[in-house]
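Since the structure of chain L is provided, determine the placement of chain S on it from the hints.
2 protein chains.
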Amino acid sequence: MVLGPLSDQHFADRLVSAIIRKGTPALVGLDPRAQSLPPGMLASQSPHDIAAAYQKFCCEVIDVVAPLVAAIKPQAAFFEQLGPAGCTALAEVIRYGAAKQLLVIVDGKRNDIGTTAAAYADAYLGPGDSSPWGGDALTVSPYLGDDSITPFLSTAQARGAGIFVLVKTSNPGGGRFQDLVADGLPLYRHVARFVEELADQSKGATGYGSVGAVAGATYPEQLAELRFAMPHTWLLIPGYGAQGGTAADCAAAFDDAGLGAIVNSSRGITFAYERSQYSHLAGAHWQQAVEQATRDMIAEFRTHTSAGRLPSPSGN
Amino acid sequence: MVLGPLSDQHFADRLVSAIIRKGTPALVGLDPRAQSLPPGMLASQSPHDIAAAYQKFCCEVIDVVAPLVAAIKPQAAFFEQLGPAGCTALAEVIRYGAAKQLLVIVDGKRNDIGTTAAAYADAYLGPGDSSPWGGDALTVSPYLGDDSITPFLSTAQARGAGIFVLVKTSNPGGGRFQDLVADGLPLYRHVARFVEELADQSKGATGYGSVGAVAGATYPEQLAELRFAMPHTWLLIPGYGAQGGTAADCAAAFDDAGLGAIVNSSRGITFAYERSQYSHLAGAHWQQAVEQATRDMIAEFRTHTSAGRLPSPSGN
Chain L
1 MVLGPLSDQH FADRLVSAII RKGTPALVGL DPRAQSLPPG MLASQSPHDI
51 AAAYQKFCCE VIDVVAPLVA AIKPQAAFFE QLGPAGCTAL AEVIRYGAAK
101 QLLVIVDGKR NDIGTTAAAY ADAYLGPGDS SPWGGDALTV SPYLGDDSIT
151 PFLSTAQARG AGIFVLVKTS NPGGGRFQDL VADGLPLYRH VARFVEELAD
201 QSKGATGYGS VGAVAGATYP EQLAELRFAM PHTWLLIPGY GAQGGTAADC
251 AAAFDDAGLG AIVNSSRGIT FAYERSQYSH LAGAHWQQAV EQATRDMIAE
301 FRTHTSAGRL PSPSGN
Chain S
1 MVLGPLSDQH FADRLVSAII RKGTPALVGL DPRAQSLPPG MLASQSPHDI
51 AAAYQKFCCE VIDVVAPLVA AIKPQAAFFE QLGPAGCTAL AEVIRYGAAK
101 QLLVIVDGKR NDIGTTAAAY ADAYLGPGDS SPWGGDALTV SPYLGDDSIT
151 PFLSTAQARG AGIFVLVKTS NPGGGRFQDL VADGLPLYRH VARFVEELAD
201 QSKGATGYGS VGAVAGATYP EQLAELRFAM PHTWLLIPGY GAQGGTAADC
251 AAAFDDAGLG AIVNSSRGIT FAYERSQYSH LAGAHWQQAV EQATRDMIAE
301 FRTHTSAGRL PSPSGN
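Protein chains in written order, with UniProt numbering: chain L, 1 to 316; chain S, 1 to 316.
This is chain L alone, in the form it adopts within the complex (with noise of 0.2 Å):
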């Protein structure tokens, strides 16, 4: 793989660096749950109490991932649950992230009109002190049309940040209007078309641009025809793992030098001790659980897709 100088400006470029010194495109999804955190994690459930042991128990995964993987991934909806606590414990997660050297993916899926999209993109992206909640890049629903995208484009695009636009979501129900058709082609077709659209415009050293989107695990055929229409769009893969989808089902995402797609993975790494295969690990050792997971988890994308063409870090 030959690539030219990466710039620190730059969204994919910096996509790419990290991806490469960790060898994989495993991307972790922080999706706390209460019922679902270690024992003795939790002090009362009082929101205040639940948001310090949310942001306890993000930033001790951190820390076991922070080795392993490029990317983390926090889920907005989580945190908000909490009300303003769980808010302020999403900015300390994200801060924490970052000061690891980690990438930092918002999964808010937001998305307004005009100057409300503009405060959206203010306040979501953008790492270090340009933006208040400091992350790397944002995820962002379509629906409202184009000129409720650009605005997050020309935020991202000045902050060395990105976006990912969803275009073929993970869930059963998704399909209800992302794939009716119309001119001959799917929604979400033409959701692709105008994403990638963007991602040309805005493409970096690596040819891919500061826009990419989200394609679920679980549709493996319209990965690939997304992959073929969408040469310079970072893909975002959920879908794999709880939801069902094997590292198989991702492998015509990536390009043939392994990169293109990240692929997420929430409660199968979080949770891993609720899983039969690591319940040997609850208690006391979850962390060694959620660490065997990411391990197995990059082994198998290794494997079974062209991201075995990563150069293998040393340990892992």
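All clues given are correct.
Computed cross-link-like contacts, SDA-like style, restricted to lysine to any residue with a CA-CA straight-line distance of at most 25 Å: (1) S:Lys56 x S:Gln45; (2) S:Lys56 x L:Ala91; (3) S:Lys56 x L:Ala118; (4) L:Lys56 x L:Lys100; (5) S:Lys56 x S:Pro132; (6) S:Lys203 x S:Glu225; (7) S:Lys56 x S:Arg295; (8) L:Lys203 x L:Pro231; (9) S:Lys203 x L:Arg176; (10) S:Lys56 x L:Pro132; (11) L:Lys56 x L:Gly283; (12) L:Lys56 x L:Arg95; (13) L:Lys56 x S:Ala91; (14) L:Lys203 x L:Ala18; (15) L:Lys56 x S:Thr115; (16) S:Lys203 x S:Asp147; (17) S:Lys56 x S:Pro127; (18) L:Lys203 x L:Asp8; (19) L:Lys56 x S:Pro132; (20) S:Lys100 x S:Gly128; (21) S:Lys100 x S:Asp296; (22) L:Lys203 x L:Asp255; (23) L:Lys203 x S:Gly173; (24) S:Lys56 x S:Glu274; (25) S:Lys203 x L:Gly173; (26) S:Lys56 x S:Glu92; (27) S:Lys56 x S:Gly128; (28) L:Lys56 x L:Gly40; (29) L:Lys203 x S:Arg176; (30) S:Lys56 x L:Thr115; (31) L:Lys56 x L:Ala282; (32) L:Lys56 x S:Ala118; (33) L:Lys100 x L:Gln9; (34) L:Lys203 x L:Pro311; (35) L:Lys100 x L:Cys59; (36) L:Lys56 x L:Ser46.
If you are wondering where the hints come from, they were derived from the structure by calculation, not from laboratory data. Quantities reported herein were computed from a predicted structural model and do not represent experimental measurements.
Same frame as chain L, but now just chain S:
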């Protein structure tokens, strides 16, 4: 107008009660912006001070409009733009509006799948002590499909709350995907059909359901079409005022009793002192500009729409 007994446990019933009590479908949007705040309100440009100013400003707007209108609609983006301090301010603004007997529609345009959608619903839906944010309703984006919307409806129904699903948005670029024609109908009509099914299933004593739809004043023909196609669906109408829509443009969105629609004005009311006809009320008299702009909007809707058939409360 003859209605059966209205329930205080059903969102549309509660909305109708409040609208009849105030005699207007006017909805005041709270979209605070630092550069538009009245002089002297902003202590510094720190996020903490801006958040404090947003809270103070919005609460003072609420003091003015609470006797006049049924509901307010804070825009989450402008609060989130300030990081966690803004989230705390948003929660306080919602709490203050509820204490003033206003219905609070949180404009967050949230969406996600399965248990994540349920987490957003749990976060925002439920007045009083039943949710951490305490909203009476939340705006929801439909791209993720049917199983991304039904979790919101379950929580809404259990808590006497509501949701408004984006159908035909007010922005120029909204048509990019919403107007794509599949099976003889534009996408927004497919979304409308699903929303109407849910509204019919959840209807209360007024015939309107716990699920409403967002449809912009900037598309008057589509408003008329949607009113006809969605007889059980309350319409939340943005795009009036600053975006160009008039009361006459909204007329077809109402039923014969002056019900069925609620019309938002944000900066046209909160920052009325920036408009030429109210500029004499800038500075120390900014609250008078807010009051006058609200009364002018109410009068315009009573003149140009069937909302004139609502009882006229004394003093308005």
